[in-house]
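*Asks:* Sequence:
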Amino acid sequence: MSHRINYIISELKDQYLIDDNLRPWIIGFSGGKDSTALLQLVWLALEQVPAKYRKREIHIICNDTLVENPIIQDYVDDVLGKIEQTAVQRGLPICVEKTVPRLEDSFWVNIVGRGYPVPNNTFRWCTDRMKIKPTSRYIIEQVAENGEAIILVGTRRSESITRAKSIKKHEIRGKRLTKHPIQTNTFVYSPIKELMLEEVWYIINAMTSPWGADNSKLFEIYANASADDYECPTMISDDKHRSCGQSRFGCWTCTVVKEDKSLTAQVKNGKEWLKPLLNLRVSMFDERNISGNRETTRRNGQKAVTLDGHNQGNYTIEYRIKLLKQILNTQRDIQKHDPSIELIKKSELIAIQVIWRRDLAIPNKNYKEITNYETVSDIYNKIYHKELDMKNLDEKLQKEIDLLKSVCNGESQDFSLIKELLELQKQKALLNRKRGLKDEMEQVIEKYLKKEIA
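Per the numbering used here, the sequence shown starts with residue -10, numbered consecutively.
Everything labelled a hint here was simulated from the structure, so no lab data went into it.
One should not assume that every hint holds.
[What the hints assert, rightly or not] Quick list of in silico lysine to any residue cross-link-like pairs, SDA-like style, CA-CA up to 20 Å:
#, residue 1, residue 2
1, Lys311, Ser280
2, Lys311, Glu331
3, Lys247, Thr116
4, Lys311, Glu363
5, Lys250, Glu57
6, Lys44, Gly136
7, Lys314, Ser336
8, Lys2, Leu81
9, Lys394, Lys375
10, Lys334, Ala133
11, Lys375, Ser280
12, Lys41, Asp8
13, Lys440, Lys375
14, Lys44, Thr116
Just need the whole structure built from these sequences, with the hints factored in.
*Replies:* See the structure below:
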């Protein structure tokens, strides 16, 4: 086993020293077993390179979806801090970066603000917005600055049949690097693709963490999240070690799967303070397709009612209000265990309030007119018994709405049209993606004219 690990370290060292244009290495670090094992081997290889040859930068990027499991997030933040500090102390060309989704792409802004239904297998909008885009932006920046970049990934053939097929599809026989399937001028390097699970755990449990982390904490996290009787094939045959399972960690809000086995197992294994998260997740899953929670249209105005009369549009404003109350009550319960945990950020609350006000300013567009509804600040203040002052924001939004209405001389159809065009332009601007704006605006105007003629 040690022979194969030493061979990988030797390969990493050789690849690092290849005389090219010093393309930076980018390592996606989740804090899980595979990315931890990969980074440990990269670190050990780098330490074997004489200081004068350590010219290639290594970027450790960690994506935070803002809805990560709190236990995992706390562990990862601690490890990233140790990596950054130790790299500086030892003079290693390693930098740590955390990527997060933009405000308009965050989970709660889309669910509670825009009323998107929680993701499922057929409408999995979250992965692109919350994981792929933030990381891709960082990679694109590095490629723009350096011409090319190499991404080191911790995928392994033995991890799953799907992983094995993916590796085989993109690999080039006899070549370490393969072209990235999407990103231009970007290459992929999979140093640990041949490692078995027991070898990964050997690296973590039997080899000292080069940045001074306590890897037993990682093993314990997997042990607590194990929902089966699978025995981790680790070389440490100590009765004190519990089964760690093949647990996968992701967003605690994930409703793509029916049951979050790792979160459920954590609660069963003593982390009972996580139960409010589990309850909220189950509630979001169970209430996703209730017709009364959904509008008859989607946000783009498209009709969304099945033949049997079941609503499939975005969430109603009433359900979004209910959901926000559930989130804040859950956050308050979780904060009894750890006051620093924040399930929904203040910036997200403000963005949600903005979207609600603008949605409700368009009578009969997608939403029935509601004159008296609880604002975000009302809900927050009632649950936390302290002010979340949005008075200035509300006043600005109302001025915006009043000004637009006055320009339209009370014509609700004109108001709706201009409002929709402004929202479309703003959305494109926020995403830095102006392509297609003209065509989409023409479609909105054409739809409006057809209604006028009819």
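*Asks:* Please flag the earlier hints that this structure goes against, numbers listed from lowest up.
*Replies:* Of the numbered hints, 9, 10, 11, 13 and 14 do not hold.
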